[in-house]
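With the hints as constraints, model all of the structure from the sequences given.
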Amino acid sequence: MSGQNSERLNQFLESAKKVETTVKIVSHFSDDIKNVLNSIIVDDGSVLISKFRFINDQLLSEFIKSSKYINTNPTDKELANAKYSITDSFAGISETGSVCIVNDDSMSGSYSLYTQIHIVFLDSKNLLSRPRDIFQIDPYKTITQNEDFIFVSGSSATADMGPLVRGVHGPAKLYTIILE
Amino acid sequence: MSDKSLINKIQPRDVADKSIDGNLEKALEMALDVESKAVRENTQSFNNNRYIATARINDYELLKNKVRSIKEDSIANLPNLLVQLEQSIKENGGHFFLAKTAEEASKYLTNICKKHEAKLVVKAKSITSEEIKLNDYLEDAGIEVAETDLAEFILQVSDEQPSHIVAPAIHRSRERISELFKEKFKTELPLETGEDLTKFARDILREKFLTADVGISGANVISADTGTILLVESEGNIRMVTQAPSVHIAIAGVEKIIPNRKDLWHFLELLAPSATGQDLTSYTQILKPPLKVPPFSFDGREIKDREFHLVLVDNGRMSMREDAVLREALYCIRCSACMNVCANFQAVGGHAFGGETYPGGIGGSWEAGTGNLEKSKFSDLCTGCSRCVTECPVQIDIPWLNENLRNRFNKKNNPEALSFVFKGLLPTEEEDQSATLQKQFFSNYNFIAKWGSRFPKITNGISHTKFAKQISEKVLQVDSRRKLPKFSSDTLVKQFPRFNSEHISSNRFEKKVLLFADVFTNFSRPSAGIATLKVFNKFGIDSQISKVGNEGRDSLSQGFLATTKKRANETSEYLLKYIKNDYDIVVVEPSILALFRKDYSHFIDEEKFNSLKGNSFEPLEYLYQIVKSKKKDFRTYFNIEAIQKHPKIFFHSHCQQRSINVAKPTLDFLREVGFNVDTSSVECCGMAGSFGYKKQYYELSVRVGEDLVDQIKKSKSPNEEMVIVASGVSCHEQIKDLAKTHTIHPMELLYQFLK
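Chains as they are written, first to last, in numbering that gives the first Met the number 0: chain A, 0 to 179; chain B, 0 to 754.
These are computed hints drawn from the structure, not numbers from a lab. Honestly, I wouldn't trust all of these hints.
Said to hold, decoys possible - A short, non-exhaustive set of chain A residues, derived as facing chain B with CB atoms under 10 Å:
(1) 21
(2) 37
(3) 41
(4) 44
(5) 78
(6) 103
Stated by the list, open to error - Straight-line Cα separation of at most 30 Å, DSSO-like style, residue types lysine-lysine; simulated pairs:
(7) A:140 with B:261
(8) A:140 with B:627
(9) B:564 with B:579
(10) B:198 with A:23
Predicted, not measured: the structure shown is a model, and the values here were computed from it. We put the CB at the ideal spot given by N, CA and C, even for glycine.
Below, the structure written as structure tokens:
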């Protein structure tokens, strides 16, 4: 990892902590991916997984195929009741601890909304500094100029009931897994 | 009304329309009694967080300027952008509707819902939908409306209007939400914690999302080139509303349009830090509806194709665009920074400081623009302190908007107008003579002080008697619990020749200063002016005194714009002659310096304004520049050892002093010269010139001042002395009244330690 990337990664970790996102860093194509997912998915609540457009990892694919709880094509009812969602992201923003996910028929935008726990994969090479970068730098700007997308900066939250509460209409917990 | 049980019976909606006589007063009483604590805690938390978040953005000013410029260009080019946006929405497969009126918008939206045989609509937060009273129309058509933002959900249950633009239920504490839910939902659940309450509301709303027929959202920004909308939130309800039902309607004011999608990042980087102090909110969506995500049918109903409608609302906005003053309000990005930084808003929130829809200082222009002038009566709570001007990310001069609204009020339907009495008696311009007696009194402080100082024993004595206070309360509505500042017969201008004869003047002096004898320093605090002259003399500054000022701060605060214009022109012409002769202008009273540096921009030529602005200084700002640029040693001038032994200083900076960035040099100077200084962090002392003297606002002024008094108390250890230092005359009066203690001006303090 270059010096600049390492700086961005450190800043991302700091920003993510502020918004109570748990970040795990694992190597591409390693068993660590499986271990990390197993440490997060601790019960038999169903897991929805979107079509990955921005991460290509064989071991991850194998894990998905092997897990009995994983559902890549849920019914609407299953969508409304699933506990976990796994999606990819096309960029991460170090200053804000955000991950950027598309809202298209890959279902990242939907799965990441209805479940209680959202697990998002981010390739470390897609770590950028500020939100503006995805509007200005190729290839990200191709997405941001044309597609529907969301900056996800922490889990769903409110302070309307007094203290900050996480887990309102969206997930109560966000995990970001950075692949190095 | 003083009976607490009656106050508790005042419902926010009943007093929302401030055009009804007595509603503003009732709303103030209700808010101070019931809502103040929650509003204060929450707005101050947002306010502190904003300071921290914006300080982290290294190009914050550039970002602000860019967004301002995009908004200005967009409003200027609005008719063309509307045409372009309509085309973009249609190309995307959506439907576009431009509603001229609130009624037209609500009817169109209701008809779409009827067409889809909608039984249930889920709504995300939309202040525009509140403005057009959309829920009433939908409910009249037999359609259930579920507000899904938790704050809006609370308001729907309590039948209240929003009290804040970002956190609409900011006035309700957790305890009051718990009481409300228990009462309205007849539940035995404990509902004690934020988690309990959130889960309770979430469970109700999740069911609504899954069965709703139509979702209605607002839009933070819309780009004309692609028909893209930006939506900012934290709860996830907007994401639900825009994708769970197959029909999505976005409603927004026409002012939300900008030309290009590629510029949306400016807004999203600016909005969250300015609003809640977050870097970004949990979810920031950028959508070009209709969504490509397939529609769902959670309850087994037939799946329909996605359908999208954009409903843009004019409802007075295009007229606001033609109004040089109200046009500014169209640049608002609805972040709420102006509300959170406003001391009066912090004390009462938007149910008092707000109308039927729009709260806060900016809310007056919106109520006037989308409703009528009378509905903006609450804008009188803007004291002109200007703290919002520096904090507004699009740099709207909100006090100026409110001074104009006041001016329009003064001219309209005023039964108390006594112009025939004032004509020729008070130095008020003819077009300002229809204002109330109270406003006439407070807009002519110079005139009153001049006469008062001629007979100080009589005026100071009489004005402080019980009888005189009763009379002035009855006739002028000056609260009898206040003492008007005393007038000195030995004014600053009168004392100057004595100072001049006792101090050296030399052609070798490096700087020439005209000390401006502002109306407050001259008549009520001449000692601060004399101290300034003496310290300046020690620093080798050759000082002259101006004639007594009649600058227009008093008239501006009452909305007397013609009178202020006259005073601004006379004052600036007088001062510019000195500036041409290489004099720098030094002003002791911060509110007067703020006139020269900020407010005169509205009244005098740009070139003259820039010259006056660039050559006017606060005393310690001026000295600090000299010390730094000439590398002067404080030891040459001050007894540093004595300063270091001096008791702690508590420095309260004047609101306008901070707004024109001259509080910091004062603080830096005091610290660097060796004082142990603690400071207040309140935005305003609450007196705010004449505001705290007005009978109708006395309680509010005192409530605002309580924060400052608390900070003073907390700063002082039981066994130590502490000296309170304040630069503004009205801060001095407020601290004297509420903390029962004396303050001195920073120059009076420093003068004591001159070598």
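Worksheet entry | chain B contact restraint for residue 41 of chain A - C-beta distance below 10 Å | 21 Å, violated
Discussion item. Just to be careful, I want the Cα atoms of residue 140 of chain A and residue 627 of chain B compared with a cutoff of 30 Å; is the pair within it?
Written reply: 47 Å, violated
Worksheet item: Is the hint on residue 21 of chain A kept, meaning its closest Cβ partner in chain B is under 10 Å away?
Response: This hint is violated: residue 21 of chain A lies away from chain B, its Cβ roughly 15 Å from the closest one there, beyond 10 Å.
Fill in: Given hint residue 44 of chain A near chain B, where the shortest CB pair must fall under 10 Å
At about 16 Å, which exceeds the 10 Å cut-off, the nearest Cβ of chain B leaves the hint on residue 44 of chain A violated.
Worksheet item: Taken at face value, is the distance from the CA of residue 579 of chain B to the CA of residue 564 of chain B at most 30 Å?
Response: Since the Cα atoms of residue 564 of chain B and residue 579 of chain B sit roughly 22 Å apart, the hinted pair holds (cutoff 30 Å).
Worksheet item: With a cut-off of 10 Å, does the beta carbon of residue 37 of chain A approach a beta carbon of chain B closely enough for the hint to hold?
Response: 27 Å, violated
Item to complete: Please work out if residue 198 of chain B and residue 23 of chain A have their alpha carbons no farther apart than 30 Å.
Response: Roughly 28 Å between the alpha carbons, so the hint for residue 198 of chain B and residue 23 of chain A holds.
Item to complete: With chain B as the partner, please determine if residue 103 of chain A meets the hint condition of a C-beta pair closer than 10 Å.
Response: Because about 5 Å separates residue 103 of chain A from the closest Cβ in chain B, which is inside the 10 Å limit, the hint holds.
Item to complete: Quickly compare the C-alpha distance for residue 140 of chain A and residue 261 of chain B to 30 Å and report which way the hint goes.
Response: Holds, at about 9 Å.
Discussion item. The hint names residue 78 of chain A as touching chain B; please verify it with the least Cβ-Cβ distance against 10 Å.
Written reply: With a closest approach of 7 Å, the residue 78 of chain A hint holds.
This entry does not satisfy hints 1, 2, 3, 4 and 8, going by the numbered hints stated previously.
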